[in-house]
Amino acid sequence: MRGCAKQRLECQLADAVRCSAFALGVAVAVYGTVLPVSAETDAGFSVQHASTTLQNGVYRLDAEFDLALADAPREALASGVPLYLSIDMHVSRERNWWWDETVAELTQRYRLEFHALSSRYLVINLNTGERHSFRSVGQALEYVGSLRDFPLLDRVLVSEQWRYTGSVHVSLDIGKLPLLLAPGAYFSSQWRLASEDYRWLLK
Amino acid sequence: MVTQVIRRLATGFTPMVALFLLLLVSLYALGNTAESLERFGRLYVWLLAINAMGLVFIAVLIGVNTWNLISEFRRNAAGSRLTARLVVMFVVLTLVPVTIVFSFSVKFLQSGIDSWFDVRVEEALDNALELSRDSLGAKMRNLQRLTQNMTERLVDVGPDSAVVALNDLRVTSGASELTLLTMSNRVIASSSEDAADVVPARPGEGILAQVRNGQPYVGLDPIEDSGLHMRVVVTVLSADPSAENRILQALYPVADRINELADVVQVAFQKYRQLTYLREPLKVSFILTLSLVLLLSVLSAVWVAFQLARRLMSPIHELAEGTQAVAAGNYSTRLSPSGRDELGFVVRSFNDMTGRLAHARDAARTSQQLVESQRTYLEAVLGRISNGVISLDMRGKLRTANQAAINVLGVDLQAHIGQTLPVLSAQRPALERFTEEVLPHIKEGAAEWSEQIELFGAQGRRILVCRGARLPGQDADTEGYVLVFDDVTALIRAQRDAAWSEVARRLAHEIKNPLTPIQLSAERLRQKYLGSMPPDEARLLDRSTHTIVQQVETMKSMVKAFAEYANAPEVKLQELNVNEIVGEVSDLYRGMDGHLKINLTLDRLLPTIHGDEARVRQVLVNLISNAMEAQREQKKSVIDIGTRHVSHHGYDYVELRIEDQGPGIDAEVLEHLYEPYVSTKPKGGGLGLAIVKKIIEEHGGMVRVSNKAERGARVVIQFPLPEGVVRGTVTGEFDAVSKAV
Numbered sequence: 001m002r003g004c005a006k007q008r009l010e011c012q013l014a015d016a017v018r019c020s021a022f023a024l025g026v027a028v029a030v031y032g033t034v035l036p037v038s039a040e041t042d043a044g045f046s047v048q049h050a051s052t053t054l055q056n057g058v059y060r061l062d063a064e065f066d067l068a069l070a071d072a073p074r075e076a077l078a079s080g081v082p083l084y085l086s087i088d089m090h091v092s093r094e095r096n097w098w099w100d101e102t103v104a105e106l107t108q109r110y111r112l113e114f115h116a117l118s119s120r121y122l123v124i125n126l127n128t129g130e131r132h133s134f135r136s137v138g139q140a141l142e143y144v145g146s147l148r149d150f151p152l153l154d155r156v157l158v159s160e161q162w163r164y165t166g167s168v169h170v171s172l173d174i175g176k177l178p179l180l181l182a183p184g185a186y187f188s189s190q191w192r193l194a195s196e197d198y199r200w201l202l203k
Numbered sequence: 204m205v206t207q208v209i210r211r212l213a214t215g216f217t218p219m220v221a222l223f224l225l226l227l228v229s230l231y232a233l234g235n236t237a238e239s240l241e242r243f244g245r246l247y248v249w250l251l252a253i254n255a256m257g258l259v260f261i262a263v264l265i266g267v268n269t270w271n272l273i274s275e276f277r278r279n280a281a282g283s284r285l286t287a288r289l290v291v292m293f294v295v296l297t298l299v300p301v302t303i304v305f306s307f308s309v310k311f312l313q314s315g316i317d318s319w320f321d322v323r324v325e326e327a328l329d330n331a332l333e334l335s336r337d338s339l340g341a342k343m344r345n346l347q348r349l350t351q352n353m354t355e356r357l358v359d360v361g362p363d364s365a366v367v368a369l370n371d372l373r374v375t376s377g378a379s380e381l382t383l384l385t386m387s388n389r390v391i392a393s394s395s396e397d398a399a400d401v402v403p404a405r406p407g408e409g410i411l412a413q414v415r416n417g418q419p420y421v422g423l424d425p426i427e428d429s430g431l432h433m434r435v436v437v438t439v440l441s442a443d444p445s446a447e448n449r450i451l452q453a454l455y456p457v458a459d460r461i462n463e464l465a466d467v468v469q470v471a472f473q474k475y476r477q478l479t480y481l482r483e484p485l486k487v488s489f490i491l492t493l494s495l496v497l498l499l500s501v502l503s504a505v506w507v508a509f510q511l512a513r514r515l516m517s518p519i520h521e522l523a524e525g526t527q528a529v530a531a532g533n534y535s536t537r538l539s540p541s542g543r544d545e546l547g548f549v550v551r552s553f554n555d556m557t558g559r560l561a562h563a564r565d566a567a568r569t570s571q572q573l574v575e576s577q578r579t580y581l582e583a584v585l586g587r588i589s590n591g592v593i594s595l596d597m598r599g600k601l602r603t604a605n606q607a608a609i610n611v612l613g614v615d616l617q618a619h620i621g622q623t624l625p626v627l628s629a630q631r632p633a634l635e636r637f638t639e640e641v642l643p644h645i646k647e648g649a650a651e652w653s654e655q656i657e658l659f660g661a662q663g664r665r666i667l668v669c670r671g672a673r674l675p676g677q678d679a680d681t682e683g684y685v686l687v688f689d690d691v692t693a694l695i696r697a698q699r700d701a702a703w704s705e706v707a708r709r710l711a712h713e714i715k716n717p718l719t720p721i722q723l724s725a726e727r728l729r730q731k732y733l734g735s736m737p738p739d740e741a742r743l744l745d746r747s748t749h750t751i752v753q754q755v756e757t758m759k760s761m762v763k764a765f766a767e768y769a770n771a772p773e774v775k776l777q778e779l780n781v782n783e784i785v786g787e788v789s790d791l792y793r794g795m796d797g798h799l800k801i802n803l804t805l806d807r808l809l810p811t812i813h814g815d816e817a818r819v820r821q822v823l824v825n826l827i828s829n830a831m832e833a834q835r836e837q838k839k840s841v842i843d844i845g846t847r848h849v850s851h852h853g854y855d856y857v858e859l860r861i862e863d864q865g866p867g868i869d870a871e872v873l874e875h876l877y878e879p880y881v882s883t884k885p886k887g888g889g890l891g892l893a894i895v896k897k898i899i900e901e902h903g904g905m906v907r908v909s910n911k912a913e914r915g916a917r918v919v920i921q922f923p924l925p926e927g928v929v930r931g932t933v934t935g936e937f938d939a940v941s942k943a944v
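As given, the protein sequences belong to chains A and B, one line each in that order. Every letter in the first sequence is one number past the one before it in the numbering used here, and letter 16, counting from 1, is 16. Take any residue in the second sequence, count from 1 to its spot, add 203: that is its number in the numbering used here.
Honestly, the hints are just simulated from the structure, not real lab data. Cβ coordinates follow ideal geometry from the N, Cα and C atoms, glycine included. It is possible that some hints are incorrect.
Below, in silico cross-link-like pairs of lysine to any residue (SDA-like), each with a Cα-Cα straight-line distance of 20 Å or less [what the hints assert, rightly or not]:
hint, chain 1, residue 1, chain 2, residue 2
1, B, K486, A, V81
2, B, K474, A, E94
3, B, K600, B, G648
4, B, K759, B, S789
5, B, K474, A, L77
6, B, K474, A, V81
7, A, K176, B, L481
8, B, K486, A, P178
9, B, K474, A, A72
10, B, K486, A, A72
11, A, K176, B, A252
12, B, K474, A, E64
13, B, K310, B, P300
14, A, K176, B, R727
15, B, K474, A, P82
16, B, K486, A, A182
17, A, K176, B, L485
18, B, K474, A, P178
19, B, K474, A, I124
20, A, K176, B, K310
Covered stretches of chain B, going by a simulated chain A footprint (3 or more residues, C-beta under 8 Å) [stated by the list, open to error]:
hint, region
21, 373-385
22, 477-485
23, 779-790
Bound conformation, chain A alone:
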């Protein structure tokens, strides 16, 4: 009798585990496929161009990003929620039979906020503390999306016998959003703003 009951319970468990796995799979599938489709605006982050030039023994990065916010983050920004953007830069040495070696890694962080009194949008470079104010979000994003002569890497760190690749990508940091917004943001394509990795060969 006990054996029978035990067996039945095991069956139930196996079913439960299977069903849970199935449900999880379905959830992941929905999250991965259905939600991005629902994003209808042309909002999104992308890297238009990025390249480095050697100036006075320092590799300097010029990059153009196309940054457009969807309605939800735009509304949040207007409502006083600061947005955090980060530009991740990465230089790696190519290796034939192994993973590439990271030579330099830099992140440029910006805070974008609305100043109600002056009705201006402020961009604060969190690395330098530099502040700039703009009349519109577009101007502010344009400012953030344009990187000029950014010192990326010292020439000394680069050897000529290897190939080096640089990569850059820009994203909206959801983790820095107010706690109540974060869970929704994780599941919303309007908030999940990040560009693809842009790669170029270091010359």
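Please build the complex by placing chain B on the supplied structure of chain A, with the hints as guidance.
Relative to chain A, chain B alone:
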């Protein structure tokens, strides 16, 4: 592996309770996130995910349980209805209050959160902001005019004089920084209040674009590290149309107090706007947490319902299965004890009951075995005793009969079990006398009786001593009669034989002595007077004395025969082949009588017996003589002699048969056949068969005389085999050599 861990976690009561507690704690944490954002910080999303997964797992577990319950319910499995009822009861008991609390909570939550945001507060903040802007706006317009006036001094000045002019203007106007720029945003000259600040703050592209269009810019700019500034950017028109216009930017500091107040208003406004914006997410978060709590409560209640139902039903389930097992005859079923409640009492009672049942069954089995063994014992005893035992039921129907009864009565009673005695005797006339004697006693219903019965059959007249008794019993099936009978023919015959032996001995002794003087006297009379007597008298004397002598001679031989019968010498036993003796004796008779034909049917593998050769020879001579005598009036005499080895009921013997084709023996004679002076022959002493019987008995054998079914008499002699004799033949039929003599 993972499945095993999950299984162990989910089957145990403690792990599940721990899971519920964990979920409860995480839900508590979730509920507190609004108050203590920093404490739980980034855990929030994880907490949500863990809760959701845990709840999904429990829900799936419950779903599977429910599915099983439904299928059990459809199958009408034992206890499924009660389980279903319990589960439904628990769910309803939980769901109703929890749902009520939930709906009220959601309502309160909605209105509670909404009440934080007062329209008047919002208006007040808006107005405060507006007020700040207005107060700063008036100042800004003045500053714009002031800056516009400054441009007159800066028209077409060189860079060096521009620095001097800017310094002067800055000091007189109270600006914190004045910068003269080209239209392409290149600094021509700058003057700053802070001497260390060598890099002037340049206007942005948007401002420049506005100014290039001929519209001066005035605005409130939060300049880094120095609080709010009023920025005025105006065009410095060149007097020379060919020369490029310039741009003047002036930064005026806002008074510290105003700066501070404006900042407070701005921060409060910002905060309030943010809160208003986050109102919906906050509600969603609270409702989500509340829903999770509700789900956890309901699911845990359902799970507990299943657990409780299972625990409650487990003994009932066992009881049902145990009852079925008992119904199927398995009394060794024992249920595991379950608690001290009423169910435990029922289980204990069930165990007691099965224990007693098993005990009763064992006792019944033991007594049945006892009865069986007694019956077997009784059968064995009845089968071995020489007394015939038959039992009858109350209606006189034959119930049982042992082997001895079959032997004594000469009828295979086993084939007639269930028949009444009259029916039986109608089929078997040999039993007619037996039935006649027994039936009145049975009808009479005598408790005990004894009767001597004479039977006539193929074996001749036999005397049975029959004792009957009524069998006590509880009902008609067990009640009945038992009849025990002995064949006392041999006993009575032996008594007679002994008597005759005594008679013979006495006769020999008493008669033999006077015979010789009688004979001698008669001879002397004859010798003395025969010659001296006249011929007529002499003839008479001669005839008379001759008769006397002859009769005495006859008497002497008779007495001699008696003496032989009475005082036969002791037998000398030795290994003896019966076939050889039969051959020799039959050879003696060969040719003696032309009418005689002796057929021999001898068993070639006949074992030897222990016997006295002379005596056995005498037996054969006597019997062949008898057979010849019996057929003396026929034209042709035929004697069949056969030997064979018989194994019957573990008793081995050599059988010798002598059969004639004479008229047979009268039934009356058959009884007294072995007694001396019983003969059907016209001549002879009548001691022949008596001697044969005596000799055979001396050999430990048995002789039977009977009439054949067709014609003639049959004598069957059985010689016992000594122990350890190799039984070389197949029992039963003759494996024989036939030989006509």
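Quick rundown of the hints versus the structure:
no. : hint            : in the structure
1   : B/K486 / A/V81  : holds, 18 Å
2   : B/K474 / A/E94  : violated, 48 Å
3   : B/K600 / B/G648 : holds, 14 Å
4   : B/K759 / B/S789 : violated, 30 Å
5   : B/K474 / A/L77  : holds, 12 Å
6   : B/K474 / A/V81  : holds, 9 Å
7   : A/K176 / B/L481 : holds, 15 Å
8   : B/K486 / A/P178 : holds, 14 Å
9   : B/K474 / A/A72  : holds, 18 Å
10  : B/K486 / A/A72  : holds, 17 Å
11  : A/K176 / B/A252 : holds, 19 Å
12  : B/K474 / A/E64  : violated, 33 Å
13  : B/K310 / B/P300 : holds, 15 Å
14  : A/K176 / B/R727 : violated, 176 Å
15  : B/K474 / A/P82  : holds, 11 Å
16  : B/K486 / A/A182 : holds, 14 Å
17  : A/K176 / B/L485 : holds, 17 Å
18  : B/K474 / A/P178 : holds, 12 Å
19  : B/K474 / A/I124 : holds, 19 Å
20  : A/K176 / B/K310 : violated, 31 Å
21  : 373-385         : violated (count 0)
22  : 477-485         : holds (count 6)
23  : 779-790         : violated (count 0)
Of the hints listed earlier, those the structure fails to meet are numbers 2, 4, 12, 14, 20, 21 and 23, in rising order.
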